[in-house]
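J.: These protein sequences, in sequence, are chains A and B.
Just so you know, numbering that gives the first Met the number 0 puts the end of the first sequence at 193, numbered straight through with nothing missing.
Just so you know, numbering that gives the first Met the number 0 puts the end of the second sequence at 222, numbered straight through with nothing missing.
No wet-lab data here; the hints were simulated from the structure.
Do not take every clue at face value.
As the list claims (entries may be wrong) - Pairs of lysine to aspartate or glutamate, EDC-like flavour, derived with a Cα cap of 20 Å:
1) K166/A - E38/B
2) K36/A - D56/A
3) K184/A - E54/B
4) K125/A - E66/B
5) K184/A - D13/B
6) K70/A - D220/B
7) K36/A - E26/B
8) K126/A - E155/A
9) K152/A - E38/B
10) K70/A - D56/A
11) K70/A - E38/B
12) K6/A - E38/B
13) K34/B - E164/A
14) K36/A - E48/B
15) K152/A - E124/A
16) K151/B - D210/B
17) K125/A - D195/B
18) K34/B - E124/A
19) K45/B - D1/A
20) K151/B - D209/B
21) K34/B - E22/A
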Amino acid sequence: MDTERAKTLITAILQGNATAEKEFFEGYQHEVEFLVKLRIGRANPDLPDLCQTVFIDLFKRIRAGEYDSSKGSPGAFVQSTIKFKILDYLKSRHYQERKNQTEFNERSAAHPDEGADHLMIHEEEKKAIEKALHALPEPYQTILVLYYYHQLKIKEIAGRLGMPEQKVSNYKSYALTLLSREIQKAQVARKQSR
Amino acid sequence: MCIRKIIYRCSSPDRQIDRFLDGTISEEERGLFEKRCLEDHAFFLKVQERELLREKVAQTVSAIGSELAGNHVSSSAQRGGLERRVKSLIPGMRIGWAYALLAVALLSLCIILVLPNSDETFAIHPDLEQELGARVLRSAPVQVLSPGVEIKPDDEILFAWEADAQGTFQVVILDNQGNEIKSLRTTGRSIRYQIDLAHGLYYWKLLQNDDWIFTGKILIDKK
Numbered sequence: 000m001d002t003e004r005a006k007t008l009i010t011a012i013l014q015g016n017a018t019a020e021k022e023f024f025e026g027y028q029h030e031v032e033f034l035v036k037l038r039i040g041r042a043n044p045d046l047p048d049l050c051q052t053v054f055i056d057l058f059k060r061i062r063a064g065e066y067d068s069s070k071g072s073p074g075a076f077v078q079s080t081i082k083f084k085i086l087d088y089l090k091s092r093h094y095q096e097r098k099n100q101t102e103f104n105e106r107s108a109a110h111p112d113e114g115a116d117h118l119m120i121h122e123e124e125k126k127a128i129e130k131a132l133h134a135l136p137e138p139y140q141t142i143l144v145l146y147y148y149h150q151l152k153i154k155e156i157a158g159r160l161g162m163p164e165q166k167v168s169n170y171k172s173y174a175l176t177l178l179s180r181e182i183q184k185a186q187v188a189r190k191q192s193r
Numbered sequence: 000m001c002i003r004k005i006i007y008r009c010s011s012p013d014r015q016i017d018r019f020l021d022g023t024i025s026e027e028e029r030g031l032f033e034k035r036c037l038e039d040h041a042f043f044l045k046v047q048e049r050e051l052l053r054e055k056v057a058q059t060v061s062a063i064g065s066e067l068a069g070n071h072v073s074s075s076a077q078r079g080g081l082e083r084r085v086k087s088l089i090p091g092m093r094i095g096w097a098y099a100l101l102a103v104a105l106l107s108l109c110i111i112l113v114l115p116n117s118d119e120t121f122a123i124h125p126d127l128e129q130e131l132g133a134r135v136l137r138s139a140p141v142q143v144l145s146p147g148v149e150i151k152p153d154d155e156i157l158f159a160w161e162a163d164a165q166g167t168f169q170v171v172i173l174d175n176q177g178n179e180i181k182s183l184r185t186t187g188r189s190i191r192y193q194i195d196l197a198h199g200l201y202y203w204k205l206l207q208n209d210d211w212i213f214t215g216k217i218l219i220d221k222k
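Construct the complete structure from the given sequences, taking the supplied hints into account.
T.: Spelled out as structure tokens, the structure:
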């Protein structure tokens, strides 16, 4: 959300404006969900509750006049609220019990596609990715296979290939960028064929 | 797929986003990154798009991974076979040396057969390629506004950037072998350069008070 708009909304929320509260929530909703998801694992069933808790705390802090524009932007204020709420959550007994039961964090890191039922890959995109994967030069293809199929960590891949971790990480990013170009091409082709 | 063409257009901010999504950045960097996501919607959409791409790739690799992994196994097996053959041809010689000799022989063959048809001026410089983008420094990162990668042969190149700190900036243009071919200095935030570069791939570095802060590349295609 635009910083100036967020500041205006915070002032309005302090004056008890419910519409401003709604706009503030809608303005940050997706970002907060996304950032919380990355912190606690996408398959974590506590995700919706935790996002709600973040917003409840955020509005409580705003109404208590805790936001000080001279100390930072509204973005920084939201970010710090997320950070502290997540720290509280990770320290909680509830989280420890749930972690022991489900191990969702490790699983979601190891299986990046889990919890992504919403993800629909169009046939053209899938073919484009497959084709691009087959055409990827070495060591890009090997790194993607080791990371996504064998589910090795960057450190483990680095050890196996005898490369520095930074290099493996860079190569992986590079490979993904190469593939993204192919997906974009497939998307353009799909739009044109409609 | 023309991998080479695509490689030219790869942008380094993707690397920073991947490091964030991989969770391999420091807590301080992570905080700054999250703050940017909350303040810059276009940037947030880019991060989200990257995450979606990663999920799609993960799904596809999971589906066809055995096939790809099989390719790796068979290529390893081929390498093993070749190793045994080389060992039998050159008894007593260490296999590393045998590989080195083989590599030199293959390289010479490639130079003889391929070079007349290839365009060496567009070959990437592996080390500079790895450095593309802003370098992580203690100070606020520089944001480069110009130039883009592809430059028309008769264009004037505008190097422009945003940076909080004061001082002298230096733009160094390098060829694709990493040799310095031009150095320009300014105390401002932009500098123009009338092009006199031949067809090919070039890299450029931005230095601030002699600290290397950014690496970019320029593609001049006269075809």
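J.: Which hint numbers does the structure go against, in order from smallest to largest?
T.: 1, 6, 8, 9, 13, 15, 16, 17, 18, 20
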